[in-house]
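Enquirer: Residue numbers (my numbering), protein chains in the order written: chain A, 1 to 324; chain B, 325 to 794.
Hint data in this document are derived by calculation from the structure and do not stem from the laboratory. Computed from a predicted structure; not experimentally measured. Treat the hints with care, since some could be wrong.
Stated by the list, open to error - Calculated Cβ distances over 12 Å to all of chain B for the following chain A residues:
{"id": "1", "residue": "Asp30"}
{"id": "2", "residue": "Ile44"}
{"id": "3", "residue": "Cys65"}
{"id": "4", "residue": "Gln70"}
{"id": "5", "residue": "Leu106"}
{"id": "6", "residue": "Ser236"}
{"id": "7", "residue": "Lys282"}
{"id": "8", "residue": "Leu291"}
{"id": "9", "residue": "His294"}
{"id": "10", "residue": "Glu304"}
To be verified - Restraint ranges, calculated between C-beta atoms of paired labels, are given here:
{"id": "11", "chain 1": "B", "residue 1": "Leu425", "chain 2": "A", "residue 2": "Ile297", "range": "28 to 38 Å"}
{"id": "12", "chain 1": "A", "residue 1": "Ala285", "chain 2": "B", "residue 2": "Arg733", "range": "52 to 62 Å"}
{"id": "13", "chain 1": "A", "residue 1": "Met126", "chain 2": "B", "residue 2": "Glu672", "range": "49 to 59 Å"}
{"id": "14", "chain 1": "B", "residue 1": "Arg582", "chain 2": "A", "residue 2": "Ala316", "range": "24 to 34 Å"}
{"id": "15", "chain 1": "A", "residue 1": "Ala318", "chain 2": "B", "residue 2": "Thr364", "range": "26 to 36 Å"}
{"id": "16", "chain 1": "B", "residue 1": "Pro579", "chain 2": "A", "residue 2": "Ala270", "range": "48 to 58 Å"}
{"id": "17", "chain 1": "B", "residue 1": "Pro529", "chain 2": "A", "residue 2": "His42", "range": "24 to 34 Å"}
{"id": "18", "chain 1": "B", "residue 1": "Leu436", "chain 2": "A", "residue 2": "Ile297", "range": "32 to 42 Å"}
{"id": "19", "chain 1": "B", "residue 1": "Leu594", "chain 2": "A", "residue 2": "His239", "range": "30 to 40 Å"}
{"id": "20", "chain 1": "A", "residue 1": "Pro295", "chain 2": "B", "residue 2": "Thr461", "range": "38 to 48 Å"}
Where is the CB? At the ideal position from N, CA and C, for every residue including glycine.
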Amino acid sequence: MMESAAQFPAQSLSADGVEALLRVELASGDAAALNVAPILRHLIDNGANAMFSDAIIAGVRGMVCDLTRQLLDAQLRVKGETERIDHPTDNVAVLADALSANAALLGHLHALAFEWQLTRQMQARMALDPVLSPLLQAQMASADSQTASLAMRLLAAQARFCQEQQRMQLSLTELPGDLLHSVLVAMRTLAGVEADAEAAGAESVIRLEYHEARTRLGLASRLIAGMGGGGLAALSFSHAGTALFLTALAMASGQDRDLAVMSINETQLARLALSLRASGLKQSAVEEQFLALHPDIALPEGFELMSPDHAAALLAAAGPLAGD
Amino acid sequence: MSAEQPALARALSDGEDRLVSADDALATLQLRCGGELPGTIAVPALLEAVRKARRYELKLARAITAQAGDESVTAWIEVEPRQDGEQGCEIVLRNWQTASLPPEDIDATQVLRAGINRHLAELSAVLDARQNVLAVTTEAPDLRELARAIESGLGQEWTQFVEIDGNAHRQPMHWRLLDGASLRVVGSQRAWRASLFPRAVPGSPPDGFDLCLTSDEPLPEPVAEPFNKASYELGDAQANRRVIGRDVAPALRLPIARIIANAETIRTRLAGPLAAEYADYAADIAAAGQHLLALIDDLADLEVVEAEEFKTAPDHIDLADVARRASGILGVRAREQGIVVDPPRAGESLLAVAEFRRVLQILLNLLGNAIRYSPANSQVWIRIEAEGERARVIVADQGPGLAADQQARIFEKFERLGRSGDGGSGLGLYISRRLARAMGGELSVESAPGQGARFILDLPADRKARTPTA
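If we strip away everything but chain A, and leave its shape as in the complex, we get:
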């Protein structure tokens, strides 16, 4: 912001004009300087569990860069260049900028980074394996070979996810369909006329390769959907593990998964409590989940009187995505 504002218009100005311009610049500079302290304090104060911890910001930035690199790689492959090279920094910066401007994409990446942080915390606190949870283990041992194979594929996808998150990466083909589409549109738009052929080629290759059913989130939602009424079992954090718990919570409470992920944050206790209630969990089960996630928080008195329907209605009315 400050950089672009500092670029004065090229045409010559009268002395008065220069003075006025400088005055405006000075004022906006002052305003920016005033904000430095509170923002800095906010960033520094935030504990490890916060929404904007260094690890999470770095993770989001890493995933944006990784997606950018994959898009550029795909375009090169269309030209027949299979050797891995470093892309010109300008190309990377422009495309990465465009991706960061996509609020929905950013929200999703943020949720993934947050999910990963939660996964590691739970591993430390409850010795919950990031990949193989008791529920997934039970599903893999299922007598129904379809369920077992689905669980196996989910296991592989979850292992890949953990590996990628360690490296702050994310495969393009792991994005939900809507987001992948918006990313591809951004790529096509930025490629412009001169690189349109490569971009179009890369786009059709990616579209063809993609299948939402094979993404980690797709597999998880399919596994939960297949459990039917047994899906309630996935609403136990220690039994289902982070990934399946979050998917089950989103499906049972009728929320977007990213939103459900963020509800675990300690600033979103009301949303978490309502989500669990809307999923149909009894009071004791809600308390149990709170004990696992936020050991130091007690539910408000009278919460047990709220009906699941009412909780769902409150959520639907309040969601930041309610208008979408």
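Fit chain B to the known structure of chain A by using the hints.
Expert: Only chain B this time, still in chain A's reference frame:
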């Protein structure tokens, strides 16, 4: 994808997201969600997924939930853009779960209804505690006369200005009795309903009311004068014959629905603890109310099929498909009674010329009867047969069967064969036969006591389909 789960059902959509063909499960879902086949996809979540997959050219996969009747359906679907050069998508259903929806919260429903009535009011008035009018507004042309009359008589009871149906009471009545009342208004052809909203003061009687008039009918289109004398008269004559469907049914549905709702409230003890006997009485009241509602529907149908100008809209339909749909719709009820319904196999097909909706109505009636009168753990078969120019659907059961004299009477109006108290009206078979005949077909029965019954629906076969070149 080595061990891919087999698809439970597949369907195809076209370039405008209409379902053009669908296997059983998806077709049933489409119909039960209020859609048609072919027709625009009726499940909102599915429509969204299909639209995105088509526009984005991406293979999408989602868990969707839908409300089909009184059940909530959760399904996992995969949607792929079609590979056969056509626009649209292929939809694959991988698994599905149903759960019955919890009963609606009656208080909440009433709040919603009140909101709707206020929103749709074509006349609203402010009343004081004794139901005298303080102010009135209307936007409906056919209520202006009423509004003028009220305005010139402000301060009088509102009931003086309208004609309340079936009410010889001296006014004023208690507002609860007037809330929901049907009424007639001078200068308007339409039937009106009053809603009263008390302005509550906690702990004391309301200090006034808001009155809203709503109508289920839109304002009739104004018609050009010169041509219309004859058609007006014809219209009146027809209207007189359609008295039940047009006037009586809408007027009765509301109070009966209210009786059922209140009886259900009592039965489920929503308003407080109650002795079990009384809860059972309430259940009886609710059941009787349901029966009455069904009877009204039958009577309205009866009127339609007995009208001289009644015609069906014949189309080329597949009887096997209709039979499978009927069996899908009543399958749950049959299972509850321990009855197995055996519809034509998938892949079987028999083309006929008839109206889809009417044939489905007939089959639902026949199958419903078969389920109702068959013993537990028995079977009901639906078979199709081509016989020359005729296409035939047979519904056979293992029930008690019918003697010859019963067979002769069973298609008569209000014939109950001595049965009562089981929810039947004695009109179903009469209506079904009228429908069959209106489509150039016939409905008949073969049976002997103790041998079960075979109801046979004969329809004109679709000859074009067999010899496409002809």
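Enquirer: For each hint, tell me whether it holds in the structure or not.
Expert: Hints versus structure:
1. Asp30: Holds, because the least Cβ-Cβ distance between aspartate 30 of chain A and chain B comes to about 47 Å, which exceeds 12 Å.
2. Ile44: holds (41 Å)
3. Cys65: Holds, because the least Cβ-Cβ distance between cysteine 65 of chain A and chain B comes to about 24 Å, which exceeds 12 Å.
4. Gln70: holds (16 Å)
5. Leu106: Consistent with the label, leucine 106 of chain A stays out of reach of chain B, its closest Cβ about 20 Å off (over 12 Å).
6. Ser236: Holds: least Cβ distance 19 Å, greater than 12 Å.
7. Lys282: It holds; lysine 282 of chain A is separated from chain B by about 15 Å at its closest Cβ, greater than 12 Å.
8. Leu291: holds (28 Å)
9. His294: holds (28 Å)
10. Glu304: Given that every Cβ of chain B is farther than 12 Å from that of glutamate 304 of chain A, nearest at about 18 Å, it holds.
11. B:Leu425 / A:Ile297: 28 to 38 Å: holds (33 Å)
12. A:Ala285 / B:Arg733: 52 to 62 Å: Given range 52 to 62 Å: holds, Cβ gap about 60 Å.
13. A:Met126 / B:Glu672: 49 to 59 Å: holds (56 Å)
14. B:Arg582 / A:Ala316: 24 to 34 Å: Cβ of arginine 582 of chain B to Cβ of alanine 316 of chain A: about 29 Å, so the range 24 to 34 Å holds.
15. A:Ala318 / B:Thr364: 26 to 36 Å: Holds: the Cβ-Cβ distance is about 31 Å, inside 26 to 36 Å.
16. B:Pro579 / A:Ala270: 48 to 58 Å: Given range 48 to 58 Å: violated, Cβ gap about 43 Å.
17. B:Pro529 / A:His42: 24 to 34 Å: violated (56 Å)
18. B:Leu436 / A:Ile297: 32 to 42 Å: holds (35 Å)
19. B:Leu594 / A:His239: 30 to 40 Å: holds (35 Å)
20. A:Pro295 / B:Thr461: 38 to 48 Å: violated (59 Å)
The earlier numbered hints that this structure contradicts are 16, 17, 20.
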